[in-house]
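Undergrad: Here's the letter readout for the chains.
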Amino acid sequence: MIDVQYAVVLGVLLFGVGLFGALRSTNAVRILMCIELMLNAVNLNFVAFARMLPQGSAAGQVFAIFVMAVAAAEAAVGLAIILQVVRQRGVAHVDRINLLKG
Amino acid sequence: MEWNLVLPELIVTGTGLGVLLLDLFLTGGGRRAAGYTGLAGLAAALVAALRLMPAAGRGELAGPFWQGMVVGDQFAVLFKVLFLAVGLVVLMLAVDFVERRRMPAGEFTALILFAVLGMMLMAGSRDLIVIYLGLETTAVASYVLAGLLRDDVRSGEAAIKYFLTGALASAVILFGMSLVFGGLGSTGLPNASALAEALAGAGPSAAPAVPSPLLLAVGLVLLVAGFGFKVALVPFHFWAPDAYEGAPTPVTAFFSVGPKAAAFAAILRVFAPFLVMVPVSGVEGKALALLPSIFAVLAVLTMTVGNLVALVQRNIKRMLAYSSIAHAGYILVGLAVATPRGLAAVTYYLLAYAAMNLGAFAVVIWLNNHGTGDEVDDYVGLSQRAPLAAAALVVAFISLIGIPPTAGFFGKFYLFMAAVEANMAWLAVLMVVNTAISVGYYYAVVRNMYLQPAAEPGARAAGPVPATPLVGTALSVTLVAVLALGLLFEPLARLAGLACGGL
Chain G
1 MIDVQYAVVL
11 GVLLFGVGLF
21 GALRSTNAVR
31 ILMCIELMLN
41 AVNLNFVAFA
51 RMLPQGSAAG
61 QVFAIFVMAV
71 AAAEAAVGLA
81 IILQVVRQRG
91 VAHVDRINLL
101 KG
Chain Y
1 MEWNLVLPEL
11 IVTGTGLGVL
21 LLDLFLTGGG
31 RRAAGYTGLA
41 GLAAALVAAL
51 RLMPAAGRGE
61 LAGPFWQGMV
71 VGDQFAVLFK
81 VLFLAVGLVV
91 LMLAVDFVER
101 RRMPAGEFTA
111 LILFAVLGMM
121 LMAGSRDLIV
131 IYLGLETTAV
141 ASYVLAGLLR
151 DDVRSGEAAI
161 KYFLTGALAS
171 AVILFGMSLV
181 FGGLGSTGLP
191 NASALAEALA
201 GAGPSAAPAV
211 PSPLLLAVGL
221 VLLVAGFGFK
231 VALVPFHFWA
241 PDAYEGAPTP
251 VTAFFSVGPK
261 AAAFAAILRV
271 FAPFLVMVPV
281 SGVEGKALAL
291 LPSIFAVLAV
301 LTMTVGNLVA
311 LVQRNIKRML
321 AYSSIAHAGY
331 ILVGLAVATP
341 RGLAAVTYYL
351 LAYAAMNLGA
361 FAVVIWLNNH
371 GTGDEVDDYV
381 GLSQRAPLAA
391 AALVVAFISL
401 IGIPPTAGFF
411 GKFYLFMAAV
421 EANMAWLAVL
431 MVVNTAISVG
441 YYYAVVRNMY
451 LQPAAEPGAR
461 AAGPVPATPL
471 VGTALSVTLV
481 AVLALGLLFE
491 PLARLAGLAC
501 GGL
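Taken in sequence, the protein lines are chains G and Y. Residue 32 in the numbering used here sits at position 32 of the first sequence, and the numbers go up by one each step. Residue 424 in the numbering used here sits at position 424 of the second sequence, and the numbers go up by one each step.
FYI, nobody ran anything at the bench for these hints, they're computed from the structure. Please read these numbers as outputs of a predicted model, since none were measured by experiment. Ideal Cβ placement from N, Cα and C applies to all residues, glycine included. One thing to keep in mind: the hints can contain errors.
As the list claims (entries may be wrong) - If you want the ones that stay clear, here's a sample from chain G, every Cβ over 10 Å from chain Y, calculated:
#1 TYR6
#2 VAL17
#3 ARG24
#4 VAL42
#5 GLU74
#6 VAL85
#7 ILE97
Stated by the list, open to error - Computed footprint of chain Y on chain G, listed as stretches where at least three residues anywhere in the stretch have a Cβ under 8 Å from a Cβ of chain Y:
#8 28-41
#9 58-71
#10 86-95
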């Protein structure tokens, strides 16, 4: 059995890659993909911890399934919003969506 | 008993689904019926929640229901009442606006109802899974609400900014939750006494009850950052002014009060045990003891930056956005002092803030319905054109500044006392200084309304502005609440104290 530390380190790395990408990208769809990467890191953590813990192991796996379901809903709404903006503006780049100052 | 406990949630869910179905059969002016149905559902749920109050006060509902996924302590019921009242007022304010701006009435009503449902779930659980689901239910509905003005480019922009930062914040919160899960060993949150036992290793089981306090501490810090995004704390606030300015005004009113109060309820649920617990030895204990200091730094940053930037705003929605950031800073003072009284002050302030901020937005929506713009300059000479609206806005602003005998004053006073009692007088002083700064931007609007003569009659907006029954009722309710919450300070503060005592 693989130690839980390896899984958690991988989770942290994956989360870091996703966070870096989400903060650096300017394309809204790409930011969304990076956020999905962060959610995958979360799932990895949950499953790893669930395996490590003697009690309550089901809760971690259940949480991971909920995260997947909610992420799908979030992505659907997010893509719809991005699509609306692209229709209005013709761009999906957040640095060019700057009508509101700030 | 179990089903009674979730009756408000069930009513709201049922009404939301019913409105979506009903909307298929509504056309033209009949679309208002969707809004009325939503109002009826929220009112029924509010009655159901109020009926839970006595039993919750006696502690009969505290027992874990559905494996601890739902709790019915006084804290949960108090916040459910608040959220339902907020939903009711926002929907009353929105019906005319939605019709005038040709927004889809059925979707709007259903989304408000689902957002309120999510908020109730957040306050009514002690389990990370349900808190997360509530958070996301509210957030996903809010993203759509922000972009519901489909012919307005700024609304789309508000939606995309709100969505991207909100999704990022959710991911950070989730990562924090996964670490807390690893640290605690379960998704259920302990209350203060259980936590102290568990950290001391004196839990009922032989194994150490908290497998890894270090993971727990790191997870909690990530949760601070994630929730900081959600409630727009400086430095995680940059999305809020844009989202607030671009979103339809009733939705802005909702954002500034509803999801924000719900996120604070979740913060109280998650962090209260760690804030008021007995100190633990060792490096992990030191890490956990840092939490109040983190909140103190965030409080100072948030109120100062929020107030200073609000001074230079020309758009009233944007100004109220920065004002709401500043108020989140005041609320954080109660968390930074980390005493039971501080937590009670947070709860009372959330009630007061909801009433006064909705009052201010009610006036903005009222005027906007009659063609007055959202710029501060559009309010020039308002006291002559719409004396009632001007007077109502003054009352709301007096409370937002914190002048007696309004709820805002008592809220600030309570936070101030909590800070002084906890030997954090410097934080209390900073709060007072910030309140003085805030007078500047509120007074700028009042000066425009009363002291500046209208440049030329009807230059910017024409004619008197009669209030429609719904907007008038909503505004009266909020203003009465602003005064009543102030006058009923003693019993409400006691209630808030009892509610937070069970955390």
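Undergrad: Take the hints in turn and mark each one as holding or not.
TA: Taking the hints in turn, this is what the structure says about them:
1. TYR6: 14 Å, holds
2. VAL17: 12 Å, holds
3. ARG24: 12 Å, holds
4. VAL42: 4 Å, violated
5. GLU74: Incorrect as stated: the minimum Cβ-Cβ distance to chain Y is 6 Å, not above 10 Å.
6. VAL85: 5 Å, violated
7. ILE97: 5 Å, violated
8. 28-41: holds (count 7)
9. 58-71: holds (count 7)
10. 86-95: With 3 residues closer than 8 Å to chain Y, the segment 86-95 of chain G meets the three-residue bar; holds.
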